[in-house]
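**Q** The chain contents come next:
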Amino acid sequence: MTEQVIEKIETMDKKRAREKHEKEHPKSSVTLKIYRANRLAGERAHYDSIEVPVQRWTTVLDALLYAKEYKDASIGIRYSCRMASCGSCGMKINGIPRLACYTKVSELEGSTITVEPLANFPHIRDLVTDFSQFFAHHRDMQPYIQNEQADIKDMNKLSEFMQSPEDLDKFLQFSYCIKCGLCYSACPTVATDTKFPGPQALSQAYRYFIDNRDTAGKERTKIVDDRHGIWRCHFAGSCSSVCPKGVDPALGIQLLRGHLLGFSKNEKKNAELKERLKREGD
Amino acid sequence: MEKVADRNNREGLKGWLNPGRYGWERVSYWLQRLTGVGLLAYFVGHIYETSSLTQGPDAWNAMLELTQTPMGHLILMLVIGMSTYHSVNGIRLIFTHGGKGLGKPGRPDYPYDAISLNYRQKSGIWIALILAAVAMLYGASVLFGGE
Amino acid sequence: MTMLRESQIMKIHYITGIAALFVVAVHIIMRLIMPYDMSLEYENVIANYHNIPYVILLESILVLIAIHGFNGLRVILLELRQSKAWEDGVTILTIAAMMGVIAYGTRTIIVVNGMGFE
Numbered sequence: 001m002t003e004q005v006i007e008k009i010e011t012m013d014k015k016r017a018r019e020k021h022e023k024e025h026p027k028s029s030v031t032l033k034i035y036r037a038n039r040l041a042g043e044r045a046h047y048d049s050i051e052v053p054v055q056r057w058t059t060v061l062d063a064l065l066y067a068k069e070y071k072d073a074s075i076g077i078r079y080s081c082r083m084a085s086c087g088s089c090g091m092k093i094n095g096i097p098r099l100a101c102y103t104k105v106s107e108l109e110g111s112t113i114t115v116e117p118l119a120n121f122p123h124i125r126d127l128v129t130d131f132s133q134f135f136a137h138h139r140d141m142q143p144y145i146q147n148e149q150a151d152i153k154d155m156n157k158l159s160e161f162m163q164s165p166e167d168l169d170k171f172l173q174f175s176y177c178i179k180c181g182l183c184y185s186a187c188p189t190v191a192t193d194t195k196f197p198g199p200q201a202l203s204q205a206y207r208y209f210i211d212n213r214d215t216a217g218k219e220r221t222k223i224v225d226d227r228h229g230i231w232r233c234h235f236a237g238s239c240s241s242v243c244p245k246g247v248d249p250a251l252g253i254q255l256l257r258g259h260l261l262g263f264s265k266n267e268k269k270n271a272e273l274k275e276r277l278k279r280e281g282d
Numbered sequence: 001m002e003k004v005a006d007r008n009n010r011e012g013l014k015g016w017l018n019p020g021r022y023g024w025e026r027v028s029y030w031l032q033r034l035t036g037v038g039l040l041a042y043f044v045g046h047i048y049e050t051s052s053l054t055q056g057p058d059a060w061n062a063m064l065e066l067t068q069t070p071m072g073h074l075i076l077m078l079v080i081g082m083s084t085y086h087s088v089n090g091i092r093l094i095f096t097h098g099g100k101g102l103g104k105p106g107r108p109d110y111p112y113d114a115i116s117l118n119y120r121q122k123s124g125i126w127i128a129l130i131l132a133a134v135a136m137l138y139g140a141s142v143l144f145g146g147e
Numbered sequence: 001m002t003m004l005r006e007s008q009i010m011k012i013h014y015i016t017g018i019a020a021l022f023v024v025a026v027h028i029i030m031r032l033i034m035p036y037d038m039s040l041e042y043e044n045v046i047a048n049y050h051n052i053p054y055v056i057l058l059e060s061i062l063v064l065i066a067i068h069g070f071n072g073l074r075v076i077l078l079e080l081r082q083s084k085a086w087e088d089g090v091t092i093l094t095i096a097a098m099m100g101v102i103a104y105g106t107r108t109i110i111v112v113n114g115m116g117f118e
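Respectively, the protein sequence lines represent chains Z, U and H. With this note's numbering, the residue at position 85 of the first sequence is 85, and numbering never jumps. With this note's numbering, the residue at position 75 of the second sequence is 75, and numbering never jumps. With this note's numbering, the residue at position 105 of the third sequence is 105, and numbering never jumps.
Where hints are given, some of them may not hold.
DSSO-like cross-link-like pairs, simulated, lysine-lysine; straight-line CA separation at most 27 Å [claimed, not checked]:
{"#": "1", "chain 1": "U", "residue 1": "104", "chain 2": "Z", "residue 2": "265"}
{"#": "2", "chain 1": "Z", "residue 1": "245", "chain 2": "U", "residue 2": "104"}
{"#": "3", "chain 1": "Z", "residue 1": "14", "chain 2": "Z", "residue 2": "27"}
{"#": "4", "chain 1": "H", "residue 1": "11", "chain 2": "U", "residue 2": "100"}
{"#": "5", "chain 1": "H", "residue 1": "84", "chain 2": "U", "residue 2": "14"}
{"#": "6", "chain 1": "Z", "residue 1": "104", "chain 2": "Z", "residue 2": "245"}
{"#": "7", "chain 1": "Z", "residue 1": "195", "chain 2": "U", "residue 2": "14"}
It should be emphasised that the hints constitute simulated quantities derived from the structure, not laboratory data. Source: prediction; values computed, not measured.
Let the sequences and hints guide you as you build the complete structure.
**A** Written out as structure tokens, the structure is:
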């Protein structure tokens, strides 16, 4: 009797292992449904279906480049580092903005993968979009340290801001932004509001606001305190849910808004600028 | 005429649809807007409805006949649910908009999950939905129960 | 009319929201202190309007919800389109609607308060 029970358990275990193994390597090929549109050539927007062989480790970018190399060389794709570091290959994969190099085919469901250009960016061709307005919003936030004490023109002085690890942790994760634009594409406000700076720009505004080497906090709050500024964020959280680097722009924006609302008193103590070395001949 | 691709690629109002693709916070944003607009419409209607008092009991009773119907009760039940959800979620939003309950920034590590999308503030959404359902049930018992 | 900063408008939005919660809760509970159908009879409703604290409550609900609701509508409409004509139009219309609803509701309260029982 016991042997029968053990046999039954063994069969069940084997079945479960087989199913798990099959789940890990289900596809040997997928169909890529790629959005194609060439406005300058007057081409009508359409989808091209291309079958591509895949392995367990194949990313969507690998699949696209295979399609470009062996099936249709005219596919327009933007990519560079292939390791989620440059932010170039952002696109809508099965309806959600993702980095093509960071998305494995095996983690997507179904045997057809729909690939479209990132939404909310002006479209150029096929999967390539225009990032100029995105960068312009970022520039509007004055994304650089502003501190009158730091005299960069006096090259004889070598000084250092005495910033502690705790001070660093306050803004570090927001500095990891690779400007891939996935958050801008996912945001519901950006979808309709052309003047809204977007989650990337606003979280960079916080990154510089809370950095204790920066003394222009008041000016930065004035920039975002606008009818189409930080107040049009409603914490839908889509930006943070698609960010591939863990920047969590939604957190940055709500923390900045907390300062504007008076929830957080600005306890920022400006970093001391200490002279470290003098060059010879001084 | 052949339709050439539009350079303008903003999702527009369509971007507000299908909120489920991005998680609970996006759904709660969508519901907050929907309930807000619904409640505003009810508010305007309610102000108009109560203004019939100024024309005496006959006008008031005529208005009651219009609103104290099964359809009227159903709409009122919906309003009860909408106002409960909008209020409770609104309180959650006031806290989160001020940066409270979202955790502290730190050093992100694989799998790079966002700490602001934590369960503490997410549960506020679920509580709002549950309370709205409970309030609707209680409202139904009062309106349709007939005391 | 002074132009308010957006941060001031949104602070008002949050405060009116929280305040409205309390006063609306009281308003709803008033419907439950007696059997629901009875609470809607003409005499009982008119009696409420002769109760001065309750009149103050009704007026506060009117003002708070009108401000909160129409400002919310203004925010939604501003996000839909961004031309100067649209933005100015939306701002003026929502403020006008806000004042109009408050005026109309206050008229009801004052008139009914002045009316006797029939």
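**Q** So if I understand the rule, the pair passes when the alpha-carbon distance is 27 Å or less; does residue 11 of chain H with residue 100 of chain U pass?
**A** Distance ~16 Å between residue 11 of chain H and residue 100 of chain U Cα, so the pair holds.
**Q** Between residue 104 of chain Z and residue 245 of chain Z, does the CA-CA distance stay at or below 27 Å?
**A** holds, 16 Å
**Q** Mind checking the alpha carbons of residue 104 of chain U and residue 265 of chain Z for me, to see if they're no more than 27 Å apart?
**A** holds, 15 Å
**Q** Next pair to validate is residue 84 of chain H with residue 14 of chain U; report whether the Cα-Cα distance is within 27 Å.
**A** Roughly 23 Å separates the two Cα atoms, so the pair holds.
**Q** With the threshold set at 27 Å, check whether the alpha-carbon distance from residue 14 of chain Z to residue 27 of chain Z stays at or below it.
**A** holds, 21 Å
**Q** With the threshold set at 27 Å, check whether the alpha-carbon distance from residue 245 of chain Z to residue 104 of chain U stays at or below it.
**A** holds, 17 Å
**Q** Within a Cα-Cα threshold of 27 Å, do residue 195 of chain Z and residue 14 of chain U meet the stated pairing?
**A** holds, 18 Å
Hint compliance for this structure: no hint is broken.
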